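Turn these sequences into a full structure, and let the hints steer you where they fit.
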Amino acid sequence: MSTFTDRVKELMKRDKISQKQLSQLSGISESSISRYISGSFEPRMDVLSNIAKVFNVTTSYLLGEESTLKEKNAYEETVCVVTRNQSQLTDQQKADLIKVLFKGK
Amino acid sequence: MLYSSSEYREIDKAALRLRLDYGFLSYSIDVFSLAKKMGIIVIPYSKLSVYQISYICKQKELGDGFSVIQRKKNGDYVLYIFYNDLFDLSRQRFTIAHEIKHILYMEESPDAKQEDLANHFARYLLAPTCLVMKLIDKCPMELACIFDISLMAAENAYKSAKNRINAGKEELLSFETEFVEKLIK
Chain F
1 MSTFTDRVKE
11 LMKRDKISQK
21 QLSQLSGISE
31 SSISRYISGS
41 FEPRMDVLSN
51 IAKVFNVTTS
61 YLLGEESTLK
71 EKNAYEETVC
81 VVTRNQSQLT
91 DQQKADLIKV
101 LFKGK
Chain X
1 MLYSSSEYRE
11 IDKAALRLRL
21 DYGFLSYSID
31 VFSLAKKMGI
41 IVIPYSKLSV
51 YQISYICKQK
61 ELGDGFSVIQ
71 RKKNGDYVLY
81 IFYNDLFDLS
91 RQRFTIAHEI
101 KHILYMEESP
111 DAKQEDLANH
121 FARYLLAPTC
131 LVMKLIDKCP
141 MELACIFDIS
151 LMAAENAYKS
161 AKNRINAGKE
171 ELLSFETEFV
181 EKLIK
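Sequence lines, in order, name chains F and X.
In terms of the working numbering, the first sequence opens at residue 1 and continues consecutively.
In terms of the working numbering, the second sequence opens at residue 1 and continues consecutively.
Please note: incorrect hints may appear among the correct ones.
Unchecked claim - Straight-line C-alpha distance at most 16 Å; calculated EDC-like pairs for lysine to aspartate or glutamate:
1. F:Lys20 - F:Glu30
2. X:Lys13 - F:Glu42
3. X:Lys72 - F:Glu65
4. X:Lys73 - F:Glu65
5. X:Lys182 - F:Glu30
6. X:Lys37 - F:Glu30
7. X:Lys60 - F:Asp96
To be verified - Label pairs and their in silico Cβ distance ranges:
8. F:Ile17 - X:Asp111: 35 to 45 Å
9. X:Cys57 - F:Arg14: 45 to 55 Å
10. F:Glu42 - X:Lys182: 12 to 22 Å
11. X:Ile53 - F:Gln92: 12 to 22 Å
12. F:Ile98 - X:Lys162: 42 to 52 Å
13. F:Glu65 - X:Lys169: 36 to 46 Å
14. X:Ser6 - F:Asp6: 26 to 36 Å
15. X:Lys73 - F:Asp96: 15 to 25 Å
16. F:Glu42 - X:Lys73: 17 to 27 Å
Bear in mind the hints are in silico, worked out from the structure with no lab data behind them.
Only a predicted model underlies this, so the values are computations on that prediction, with no experimental measurement involved.
For every residue, glycine included, the Cβ atom is placed at its ideal position computed from N, Cα and C.
Encoded structure:
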């Protein structure tokens with residue numbers, strides 16, 4: 001069984017929530033939640049993120065990238081990318097755009 | 001540009017999976033709401049400052065919209081789609097659907113193929129061929145109303161469905177059957 005399925009089950013137990021409640025809280029349909037938890041589907045990043053929010057943990061924790069459970073806290077940005085081909089937008093233009101959007105004038 | 005049918009099927013499957021996961025089981029899909037349910041922050045250009053807008057206007061590649069992926073030190077992502085809300089709604093909807101594909105596949109620097117497949121993803125998300133085939137007796141104008149897409153997009157969706165039927169491939173694939181069955185319920 002994957003770390004993801006183990007960790008979600010563990011957190012459901014910790015917070016005493018059912019698959020139905022997890023579905024309601026995450027916005028992901030019950031049948032899909034069931035398949036992600038059983039390991040039939042690989043969770044996408046948005047699925048991981050929505051489930052992580054419900055349990056107030058990081059997506060890394062759900063994937064087993066952190067050995068101990070760490071509550072989410074104010075986090076620092078590391079990487080920020082604009083999804084555009086380099087032939088359309090150079091790295092410098094992307095960096096400038098990020099600055100304009102998120103770092104003020 | 002044409003790619004292998006398995007590549008197109010993978011994209012079709014991802015689009016329907018997304019609809020199923022978030023319960024978008026009607027013909028027309030509210031992509032703004034889908035993006036929000038996925039945890040994406042959706043920002044129209046009209047909400048940006050004059051300074052930000054004037055910078056974006058200088059980059060013609062950003063005319064319709066773009067997405068930004070922020071990865072935080074704790075491994076979490078913050079996702080944004082910025083879109084031009086001066087264009088008509090069907091174009092805005094297509095842009096959102098197109099950008100969702102880039103985010104879904106974490107495409108930092110999408111090449112021409114990934115861009116083409118993002119367009120294919122958007123077309124399929126907005127008007128899945130498996131649904132258009134069920135409505136093949138309708139004209140493109142009716143399809144445009146049913147799926148809330150532009151007439152040009154409806155004509156393309158109609159052609160794709162017709163081509164698939166003419167090629168004798170009207171039988172639904174397993175992931176399409178699951179979606180269509182849920183839609184009927």
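Results for each hint:
Between Lys20 of chain F and Glu30 of chain F, the direct Cα distance comes to roughly 6 Å. Compliance with the 16 Å bound is thereby established for this hinted pair. Proximity of Lys13 of chain X to Glu42 of chain F is assessed by CA-CA distance (about 13 Å); at most 16 Å being required, the pair is judged to hold. Between Lys72 of chain X and Glu65 of chain F the CA atoms are separated by roughly 14 Å; this keeps the pair inside 16 Å, and the hint holds. Restraint check: the Cα-Cα separation between Lys73 of chain X and Glu65 of chain F comes to about 12 Å, which is no more than 16 Å; the hinted pair holds.
A threshold of 16 Å between alpha carbons decides the hint, and for Lys182 of chain X with Glu30 of chain F the separation of about 13 Å falls inside it, so the pair holds. Among the hinted pairs, Lys37 of chain X with Glu30 of chain F is consistent with the structure: their alpha-carbon atoms are about 15 Å apart, no more than 16 Å. Under the criterion of a C-alpha separation no larger than 16 Å, the hint pairing Lys60 of chain X with Asp96 of chain F is consistent with the structure, at around 15 Å. The supplied range of 35 to 45 Å is met by Ile17 of chain F and Asp111 of chain X, whose beta-carbon atoms lie about 42 Å from each other.
Between Cys57 of chain X and Arg14 of chain F the beta carbons are some 50 Å apart, a value that agrees with the proposed interval 45 to 55 Å. At about 21 Å, the CB distance of Glu42 of chain F to Lys182 of chain X agrees with the hint of 12 to 22 Å. The beta-carbon spacing between Ile53 of chain X and Gln92 of chain F, approximately 20 Å, falls within the hinted interval of 12 to 22 Å. For the pair Ile98 of chain F and Lys162 of chain X, the beta carbons lie near 44 Å from each other, so the given range of 42 to 52 Å is met.
Distance hint check: the CB atoms of Glu65 of chain F and Lys169 of chain X are about 42 Å apart, consistent with the given range 36 to 46 Å. Distance hint check: the CB atoms of Ser6 of chain X and Asp6 of chain F are about 32 Å apart, consistent with the given range 26 to 36 Å. At about 23 Å, the beta-carbon gap between Lys73 of chain X and Asp96 of chain F stays in the expected band of 15 to 25 Å. For the pair Glu42 of chain F and Lys73 of chain X, the supplied restraint of 17 to 27 Å holds, since their beta-carbon distance comes to about 24 Å.
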